[in-house]
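*Asks:* Chains as they are written, first to last, in the working numbering: chain A, 1 to 253; chain B, 1 to 507.
These are calculated hints, taken from the structure and not from any lab test.
From a predicted model like this one, the values you see are computed outputs, not experimental measurements.
Backbone N, C-alpha and C fix where the C-beta goes; we use that ideal spot for every residue, glycine too.
One should not assume that every hint holds.
[Stated by the list, open to error] Mimicking DSSO-like on lysine-lysine, the simulated pairs with C-alpha atoms at most 27 Å apart in a straight line are:
{"hint": "1", "chain 1": "A", "residue 1": "Lys27", "chain 2": "B", "residue 2": "Lys274"}
{"hint": "2", "chain 1": "A", "residue 1": "Lys37", "chain 2": "B", "residue 2": "Lys274"}
{"hint": "3", "chain 1": "A", "residue 1": "Lys37", "chain 2": "A", "residue 2": "Lys27"}
{"hint": "4", "chain 1": "B", "residue 1": "Lys226", "chain 2": "A", "residue 2": "Lys67"}
{"hint": "5", "chain 1": "A", "residue 1": "Lys131", "chain 2": "B", "residue 2": "Lys189"}
{"hint": "6", "chain 1": "B", "residue 1": "Lys269", "chain 2": "B", "residue 2": "Lys398"}
{"hint": "7", "chain 1": "A", "residue 1": "Lys26", "chain 2": "B", "residue 2": "Lys226"}
{"hint": "8", "chain 1": "B", "residue 1": "Lys274", "chain 2": "A", "residue 2": "Lys26"}
{"hint": "9", "chain 1": "B", "residue 1": "Lys452", "chain 2": "A", "residue 2": "Lys37"}
{"hint": "10", "chain 1": "B", "residue 1": "Lys192", "chain 2": "A", "residue 2": "Lys131"}
{"hint": "11", "chain 1": "A", "residue 1": "Lys67", "chain 2": "B", "residue 2": "Lys306"}
{"hint": "12", "chain 1": "A", "residue 1": "Lys247", "chain 2": "B", "residue 2": "Lys452"}
{"hint": "13", "chain 1": "B", "residue 1": "Lys400", "chain 2": "A", "residue 2": "Lys27"}
{"hint": "14", "chain 1": "B", "residue 1": "Lys452", "chain 2": "A", "residue 2": "Lys233"}
[Claimed, not checked] To give a feel for the contact side, a few chain B residues facing chain A, derived at Cβ under 7 Å:
{"hint": "15", "residue": "Glu182"}
{"hint": "16", "residue": "Asp184"}
{"hint": "17", "residue": "Glu277"}
{"hint": "18", "residue": "His278"}
{"hint": "19", "residue": "Phe284"}
{"hint": "20", "residue": "Gly289"}
{"hint": "21", "residue": "Asp415"}
{"hint": "22", "residue": "Ser417"}
{"hint": "23", "residue": "Trp418"}
{"hint": "24", "residue": "Trp420"}
[Said to hold, decoys possible] In silico negatives: residues of chain B with every beta carbon more than 12 Å from chain A:
{"hint": "25", "residue": "Lys105"}
{"hint": "26", "residue": "Asp116"}
{"hint": "27", "residue": "Gln271"}
{"hint": "28", "residue": "His291"}
{"hint": "29", "residue": "Arg321"}
{"hint": "30", "residue": "Lys323"}
{"hint": "31", "residue": "Gln353"}
{"hint": "32", "residue": "Pro361"}
{"hint": "33", "residue": "Arg392"}
{"hint": "34", "residue": "Thr432"}
{"hint": "35", "residue": "Asp460"}
{"hint": "36", "residue": "Arg480"}
{"hint": "37", "residue": "Thr481"}
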Amino acid sequence: MNLTISWFYPDLMSTYGDRGNIIVLKKRCEWRGIEVKIQEITLESPLSQLGESDLLFMGGAQDRQQKLVSDDFLHKKAPVMKKMIEKNIPALLVCAAYQFAGHYYQPYQGEKIPGAGIFDLYTKHLGDQTKRQIGNVTAELINSKFRIKNSKFGKIIVGFENHGGRTYLGKNIKPLAKVIKGFGNNGEDDYEGAIYKNAIGSYFHGPLLPKNPHLADLLIQKALEVKYQREIKLVTLNDELEFQAQKAAVNKV
Amino acid sequence: MKTSLSILISKTVYIVTQLFQLGAGGTWPGEIALTLNPNILQDLVKHIKKGIIVVVGTNGKTTTSLMIVKILEQHGYSVVHNSSGANLLNGVVSACIQNANWFGKLTADWGVFEVDENSLPIVISQLSSRLSETHGGIYHKPKSGVKDSSTAPPAGGFARNDKALILVLLNLFRDQLDRYGEVDVIAEKWGKALQEIRNQKSEISDSEILYVLNADDPLIAHLGIKIKNVIPTEVEESNTAAHRRGNEVDPSTALGMTETITYFGIEDKKQFLKTHEHATDSTFCLNCGHHLDYSGIYFSHLGIWKCNHCGAKRPKPQVTRVKIRLPGLYNEYNALAALSVAKSLDLDDKITQIALQNFQPAFGRQEEFTVGLKKIKLFLSKNPTGFNASLRTVLELKPKVLLLMLNDRIPDGRDVSWIWDVDFETIPNNITVIVSGDRVHDMALRIKYSQKTQNTELNDQLQIEPNPAQALETGLKNIRTGETLYVLPTYSAMLEVRKILGGKKIL
Numbered sequence: 001m002n003l004t005i006s007w008f009y010p011d012l013m014s015t016y017g018d019r020g021n022i023i024v025l026k027k028r029c030e031w032r033g034i035e036v037k038i039q040e041i042t043l044e045s046p047l048s049q050l051g052e053s054d055l056l057f058m059g060g061a062q063d064r065q066q067k068l069v070s071d072d073f074l075h076k077k078a079p080v081m082k083k084m085i086e087k088n089i090p091a092l093l094v095c096a097a098y099q100f101a102g103h104y105y106q107p108y109q110g111e112k113i114p115g116a117g118i119f120d121l122y123t124k125h126l127g128d129q130t131k132r133q134i135g136n137v138t139a140e141l142i143n144s145k146f147r148i149k150n151s152k153f154g155k156i157i158v159g160f161e162n163h164g165g166r167t168y169l170g171k172n173i174k175p176l177a178k179v180i181k182g183f184g185n186n187g188e189d190d191y192e193g194a195i196y197k198n199a200i201g202s203y204f205h206g207p208l209l210p211k212n213p214h215l216a217d218l219l220i221q222k223a224l225e226v227k228y229q230r231e232i233k234l235v236t237l238n239d240e241l242e243f244q245a246q247k248a249a250v251n252k253v
Numbered sequence: 001m002k003t004s005l006s007i008l009i010s011k012t013v014y015i016v017t018q019l020f021q022l023g024a025g026g027t028w029p030g031e032i033a034l035t036l037n038p039n040i041l042q043d044l045v046k047h048i049k050k051g052i053i054v055v056v057g058t059n060g061k062t063t064t065s066l067m068i069v070k071i072l073e074q075h076g077y078s079v080v081h082n083s084s085g086a087n088l089l090n091g092v093v094s095a096c097i098q099n100a101n102w103f104g105k106l107t108a109d110w111g112v113f114e115v116d117e118n119s120l121p122i123v124i125s126q127l128s129s130r131l132s133e134t135h136g137g138i139y140h141k142p143k144s145g146v147k148d149s150s151t152a153p154p155a156g157g158f159a160r161n162d163k164a165l166i167l168v169l170l171n172l173f174r175d176q177l178d179r180y181g182e183v184d185v186i187a188e189k190w191g192k193a194l195q196e197i198r199n200q201k202s203e204i205s206d207s208e209i210l211y212v213l214n215a216d217d218p219l220i221a222h223l224g225i226k227i228k229n230v231i232p233t234e235v236e237e238s239n240t241a242a243h244r245r246g247n248e249v250d251p252s253t254a255l256g257m258t259e260t261i262t263y264f265g266i267e268d269k270k271q272f273l274k275t276h277e278h279a280t281d282s283t284f285c286l287n288c289g290h291h292l293d294y295s296g297i298y299f300s301h302l303g304i305w306k307c308n309h310c311g312a313k314r315p316k317p318q319v320t321r322v323k324i325r326l327p328g329l330y331n332e333y334n335a336l337a338a339l340s341v342a343k344s345l346d347l348d349d350k351i352t353q354i355a356l357q358n359f360q361p362a363f364g365r366q367e368e369f370t371v372g373l374k375k376i377k378l379f380l381s382k383n384p385t386g387f388n389a390s391l392r393t394v395l396e397l398k399p400k401v402l403l404l405m406l407n408d409r410i411p412d413g414r415d416v417s418w419i420w421d422v423d424f425e426t427i428p429n430n431i432t433v434i435v436s437g438d439r440v441h442d443m444a445l446r447i448k449y450s451q452k453t454q455n456t457e458l459n460d461q462l463q464i465e466p467n468p469a470q471a472l473e474t475g476l477k478n479i480r481t482g483e484t485l486y487v488l489p490t491y492s493a494m495l496e497v498r499k500i501l502g503g504k505k506i507l
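Same shape as in the complex, but just chain A (with noise of 0.2 Å):
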């Protein structure tokens, strides 16, 4: 078996260790014998290589990234997305990546920046006087559709978050996990990350995957499945270090 993995903007749309997540994709296919090809679109990449991708993950950016960014994405690189997973194409969107993909963003100053519409959701800054939320955080995931089974890490997943703008799901997307200790998307209404289809948003740096390898096999496991149109199994793998490395982050939040 084998896997493409589309990786957006590496060189604009990664901050603070976003690159962990590939990695961690990356290696636990290996391990399990599964070929993987990682595929860095970048802003010159045309649409063309984009059909051949199996997984697709996009990390965060700074404000000024973000923007040499925004015009490639918004018009050629997003509706694609949108396209992909509308068929169930897995995908990871984090932090910036998160709330591009919603309907817009609203500074606390000026006009709405336009999102790629793709999650059902828009993202607000509530003043330059609203302190970001920073810190580590805790969360349950609560989406039935990614119950993981056999898993030891359960329920829980941790990671760091780091946002200015909050964001507000609309009625076509369900939150992916409660908070339990941080701030999540807003810090309002406890909840965290967004689940469309097969497509993860969040707020979690981290960086996500590493210490949540089980939302790891997840994705893998779905582009699989939506490859090879089967069910698939994945191998277990002998993840004692990131249960040690989940639980001593649970005790320190």
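Please build the complex by placing chain B on the supplied structure of chain A, with the hints as guidance.
*Replies:* Coordinates of chain B only, in the frame set by chain A:
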């Protein structure tokens, strides 16, 4: 409160902290002095005779400023310096207070201060507003009638003074996003701060600003390019000269000060990286937003850059060669910056060379400890670029064992995600990696995913030891007599290791 009284009180605090070994002597006196008088730095530095040198950048501040201190001292100058590494406003003030006499008078030829990225604007605005005032009694502040010492000086009454403000801008890398924010935002803040002091200075005096800038870092060089665009140097200099002679000058170009930019950079193709590092921030043109084209990268985003779209390009550096004994390309940059300062001050090259040749590293930066017949060498590694640079240097020294220590305290940054931006994949299989620190499990996981091994039982290459003292002991056990244990700690972990080794807890 009156400055002299504030200093008296703060100095007492300093003596007390020293006497009782309370620690934090690096910031407390300054903090108290600032509470008593927020503008105290202006008064403290006015007696510094020659000028002030400010060193700022994500990596290399401590080493570079120490190099500059050593060079100046070699030339026989006396120097005030925040050597403890306390580099916020309170740290700079503390250093001044420690060196001032009981009457608050600071008598030194030079002030050399390393300054935190976020503190640069406040520190230089404080420094420049008083540097431009005369010293030596030509202009005396009126005893009454002026309440606020920071108000603009009265017209007339100034003699020209020749104190210099030297700004050394080293680099900007991603570092503790949770604390510092984004590098672009910092670069922008610096740009604004530079503009402000230049406006301020042009109004009141014609003292000198010298910029020492890294040509290889587009974020830094861009600041220099912007300065140059505002002031056509030649016209400006001739006008200043005219102004000094008392002649009329064209007011549109008369800024009444001298500004000189010295660029440093490396020109050595052999040092180019073969593959670029992921922890890279500025490979896009700050002028037009297009991809920068690099004919070679030394590390992170430092290299020979140009923009094919708008034509912006790396300024030609004047200082490109320096001899030092410390390994590591980053130390070459530090030394080039220090040498540039010496050159821009027209100091004797031979004496400067002696200082650089004899340079001993600052604490935690390639600092060496001897334990019996074995050695421990510390390489402070506090952000992705710093870690990559340390790794590259250490691996060239053919280590047997590496000890990586990851803490997540305030000085380290609470978010440890950044370790995934470090290229640990470069560590060869035959090197034993010991991990330790507050976030030992995060580091263990990072190493696990960097190895070429299968996911089976834990391999021998990775050893997990949460306790730092035990980790050091394990490390020493794993090397032979005469060999060196290389320790790569984050900031607070570095302090911890020094404490353990200094306190001889494990010796």
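*Asks:* Have a go at the glutamate 277/B hint: is there a Cβ in chain A nearer than 7 Å to its own Cβ?
*Replies:* 11 Å, violated
*Asks:* Within a Cα-Cα threshold of 27 Å, do lysine 269/B and lysine 398/B meet the stated pairing?
*Replies:* 23 Å, holds
*Asks:* Grab the minimum beta-carbon distance between lysine 105/B and chain A and tell me whether it stays above 12 Å.
*Replies:* Lysine 105/B is indeed farther than 12 Å from all Cβ atoms of chain A, at 42 Å.
*Asks:* How about glycine 289/B: closest beta carbon in chain A under 7 Å, or not?
*Replies:* 5 Å, holds
*Asks:* Answer holds if the nearest beta-carbon of chain A is closer than 7 Å to that of glutamate 182/B; otherwise answer violated.
*Replies:* 4 Å, holds
*Asks:* Using Cβ atoms only, decide whether aspartate 184/B comes closer than 7 Å to chain A, and label the hint accordingly.
*Replies:* 4 Å, holds
*Asks:* Given tryptophan 420/B was flagged as interface, is its beta-carbon under 7 Å from a beta-carbon of chain A?
*Replies:* 3 Å, holds
*Asks:* Beyond 12 Å from every Cβ of chain A: is that where the Cβ of aspartate 116/B lies?
*Replies:* 19 Å, holds
*Asks:* Using the nearest Cβ pair, does tryptophan 418/B come within less than 7 Å of chain A?
*Replies:* Since chain A brings a Cβ to about 5 Å from tryptophan 418/B, closer than 7 Å, the hint holds.
*Asks:* Taking the minimum C-beta separation from lysine 323/B to chain A, is that value above 12 Å?
*Replies:* At about 35 Å from chain A, lysine 323/B clears the 12 Å cut-off, so the statement holds.
*Asks:* Assess, step by step, whether the Cα of lysine 274/B is no farther than 27 Å from the Cα of lysine 26/A, and give holds or violated.
*Replies:* OK: lysine 274/B and lysine 26/A at ~23 Å, within 27 Å.
*Asks:* Taking the closest pair, is the beta carbon of threonine 432/B still more than 12 Å from chain A?
*Replies:* 17 Å, holds
Hint violations for this structure: numbers 7, 17, 28, all remaining hints satisfied.
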